[in-house]
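Chemist: Take a look at the letters that make up each chain.
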Amino acid sequence: MSEAVAHHQAVAGVYEPSLFGTYSKKIGMWLFLLSDSLTFGALLYAYSYGRISTPNWPTPFHSESIINATIMTAFLLTSSLTMVLAVNAAARGKTSALRGWLIATMICGTGFIVLHGREWGNLIAEGLTLPVFPSVPGHEASAEFANVSKLVPMFPATFFGLTGMHMLHVTIGVIYLGVVALRKKFIPVLLVLWAIGYFTIPAYSPFHYGVHVLLIGAVVCSVILWLRPKIYDSADVEVAGLYWHFVDLVWMFIFPLVYLMSTKIL
Amino acid sequence: MNDATQAALEQRVAEEQRHHGMKPFFYVWGALLLLTGIEVYLGYQNMEPLRMLTILMGLSILKAALIIAYFMHMKFEASTMKWLTMCSLVFCLTMMVVFFPDAFRLLHLGAAAR
Numbered sequence: 290m291s292e293a294v295a296h297h298q299a300v301a302g303v304y305e306p307s308l309f310g311t312y313s314k315k316i317g318m319w320l321f322l323l324s325d326s327l328t329f330g331a332l333l334y335a336y337s338y339g340r341i342s343t344p345n346w347p348t349p350f351h352s353e354s355i356i357n358a359t360i361m362t363a364f365l366l367t368s369s370l371t372m373v374l375a376v377n378a379a380a381r382g383k384t385s386a387l388r389g390w391l392i393a394t395m396i397c398g399t400g401f402i403v404l405h406g407r408e409w410g411n412l413i414a415e416g417l418t419l420p421v422f423p424s425v426p427g428h429e430a431s432a433e434f435a436n437v438s439k440l441v442p443m444f445p446a447t448f449f450g451l452t453g454m455h456m457l458h459v460t461i462g463v464i465y466l467g468v469v470a471l472r473k474k475f476i477p478v479l480l481v482l483w484a485i486g487y488f489t490i491p492a493y494s495p496f497h498y499g500v501h502v503l504l505i506g507a508v509v510c511s512v513i514l515w516l517r518p519k520i521y522d523s524a525d526v527e528v529a530g531l532y533w534h535f536v537d538l539v540w541m542f543i544f545p546l547v548y549l550m551s552t553k554i555l
Numbered sequence: 007m008n009d010a011t012q013a014a015l016e017q018r019v020a021e022e023q024r025h026h027g028m029k030p031f032f033y034v035w036g037a038l039l040l041l042t043g044i045e046v047y048l049g050y051q052n053m054e055p056l057r058m059l060t061i062l063m064g065l066s067i068l069k070a071a072l073i074i075a076y077f078m079h080m081k082f083e084a085s086t087m088k089w090l091t092m093c094s095l096v097f098c099l100t101m102m103v104v105f106f107p108d109a110f111r112l113l114h115l116g117a118a119a120r
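For the record, the sequence lines run as chains G and C.
Here my numbering = 1-based position in the first sequence + 289.
Here my numbering = 1-based position in the second sequence + 6.
The following block holds chain C by itself, in its conformation from the complex:
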């Protein structure tokens, strides 16, 4: 490992330790398990699919944010890294939503045929 790599790693670990220590990682793990429990509970509620999908995806995005921020250490990275990676990811994934209106069209076509 070269000096620059070692320095970057030590800085990152020092930053984590200075502000948080290891406790937040255990809290995040507990929060993730709790959110999973809530999701399973919701799965057994006889909810309208679209409403349930919205709530479950909202909880999943919250869980993903916790994993990226703490477990993947994005919270402790440089702001250039945070913004560039996350914005490009969100943009590309959002572009895929363009297909959903077609799925609704198919659903309505099926209903019309019946």
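This is chain G alone, in the form it adopts within the complex:
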């Protein structure tokens, strides 16, 4: 296949054919993903380091958390399948199917974020928290979690750092797909979601401030669309798909390492 592509490129363009037999946007995205995988690799290794070197490592995840995380995994895996269908629709020039599959992918991604946010909220309310998080009014820390944050501060630090970084990537992925699917129409949607989030999420929740990611995303996307107002083609959809599958791939390591290795077995 690569020889055929290389030959075609040599004829079509004035530049010499790519060493990788594909177009530069895809190579650029792969290079970004390789560097990002090292970021997640470092975080996962840090978590594992703490897990190995701490004898009294907490196991706080009850069956409710595990069921929640399993549903989140199913959401991400399904979103990867819908993303593959979107890429296929784009390559065949089926615009309405493409938009539908991209929106289905975004819905699955949003479901993942909502479930993850609920999981974080429950853990914080029970007392598994970081010093930077404000305390939840009207909630006493459970006996189980009361000392975890003090005795094993590495657990909440690595847990919230790792899963928070991943949640940020999923959010950026949903925004990315939204722009590819809906272009300028997605900016007001983002702003409305930001306003709803900011005014409805209580001030003690970390998501009250975290929701500003949507506002920053809206500004960045506006600038990008203003600088380069074009119709996104099938190559752009494929490159966006690579990013989305990467986010799914990283979760395949976080889920067993963070949740299943810290399951509370009664």
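Simulated from the structure, these hints should not be mistaken for laboratory data.
Given the structure is predicted, the values throughout are model-derived calculations rather than measurements.
Any given hint might turn out to be false.
[Said to hold, decoys possible] Pairs of lysine-lysine, DSSO-like flavour, derived with a Cα cap of 27 Å:
1) G/K314 with G/K383
2) C/K29 with G/K383
3) C/K81 with G/K314
4) C/K81 with G/K383
5) G/K439 with G/K473
6) G/K519 with G/K474
7) G/K383 with G/K519
8) C/K29 with C/K81
9) C/K88 with G/K314
10) G/K314 with G/K474
[What the hints assert, rightly or not] On the chain C side, residues computed to face chain G include the following (Cβ under 7 Å):
11) L39
12) E45
13) S66
14) K69
15) I73
16) A84
17) T86
18) M87
19) V96
20) C98
21) A109
Note that beta-carbon positions come from the ideal geometry of N, C-alpha and C, so glycine has one too.
Go by the hints and put chain C onto chain G.
Modeler: This is chain C only, laid out in the frame that chain G set:
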């Protein structure tokens, strides 16, 4: 989109369709869900942590390989792309393992102090 990009994309899609169609993507999705189910089952087995970690990471690597090969289309890319990207990734991630002996040292220090 320029001609070369279009040609590369069409070649890749044609390659996929010629050999596989869309069915394998559904099989891969099913396999990923099945492997996730197995992982959750193992999570509730009272296994020694190191043994469980080895099995879970093995399954995760298998899942990652399926995602990279099929969903990210690496299986259909040129061999230069496959080898260069995957070898550099595996090499860099393997280098990070150098920190683990220190984690075991800390664990043994803690046991000695007790």
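Chemist: Each hint needs a verdict: does it hold in this structure or not?
Modeler: Now for the hints, and whether the structure bears them out:
Taking the CA atoms of G/K314 and G/K383, the gap is about 22 Å. The hint holds against a cut of 27 Å. At roughly 19 Å between alpha-carbon atoms, C/K29 and G/K383 fall within 27 Å of each other, so this suggested pair holds. Distance check on the hinted pair: C/K81 and G/K314 sit about 18 Å apart at the alpha-carbon level, within 27 Å; holds. Of the pairs offered as hints, the one joining C/K81 and G/K383 holds, with about 24 Å between alpha carbons and a cut-off of 27 Å not exceeded.
With a C-alpha separation of about 47 Å, the suggested pairing of G/K439 with G/K473 is violated against the 27 Å cut-off. Between G/K519 and G/K474, the direct Cα distance comes to roughly 14 Å. Compliance with the 27 Å bound is thereby established for this hinted pair. Note on G/K383 and G/K519: the hinted pairing holds, with a Cα-Cα distance of about 18 Å set against a maximum of 27 Å. For a cut-off of 27 Å, the pair hint linking C/K29 to C/K81 stands: about 15 Å separates their Cα positions.
Only pairs whose Cα atoms come within 27 Å are accepted, and C/K88 paired with G/K314 is accepted, the gap being roughly 16 Å. Using a Cα cut-off of 27 Å, the hinted pair G/K314 and G/K474 holds, with the two alpha carbons roughly 24 Å apart. For the restraint placing C/L39 at the interface with chain G, the shortest Cβ-Cβ distance is roughly 6 Å, inside the 7 Å limit, so the hint holds. For C/E45, the suggested interface contact is upheld, since its CB lies about 5 Å from the closest CB of chain G, less than 7 Å.
Interface hint at C/S66: satisfied, since its Cβ lies 5 Å from the closest Cβ of chain G, which is below the 7 Å cut-off. For C/K69, the interface hint holds, the least distance from its beta-carbon to any beta-carbon of chain G being 5 Å, beneath 7 Å. The beta carbon of C/I73 comes within 5 Å of a beta carbon in chain G, closer than 7 Å, and the hint placing it at the interface holds. Taking 7 Å as the C-beta cut-off, the interface hint given for C/A84 holds, the closest approach to chain G being about 3 Å.
Given the 7 Å rule on beta carbons, the hint for C/T86 holds: about 6 Å separates it from the nearest Cβ of chain G. For C/M87, the suggested interface contact is upheld, since its CB lies about 4 Å from the closest CB of chain G, less than 7 Å. Below 7 Å, beta-carbon pairs count as interface contacts, and C/V96 has none with chain G, the closest being about 10 Å; its hint is therefore violated. Taking 7 Å as the C-beta contact cut-off toward chain G, the hint placing C/C98 at the interface holds, the least distance being around 6 Å.
The beta carbon of C/A109 is positioned within 7 Å of a beta carbon in chain G (closest approach about 4 Å), and the interface hint is therefore held.
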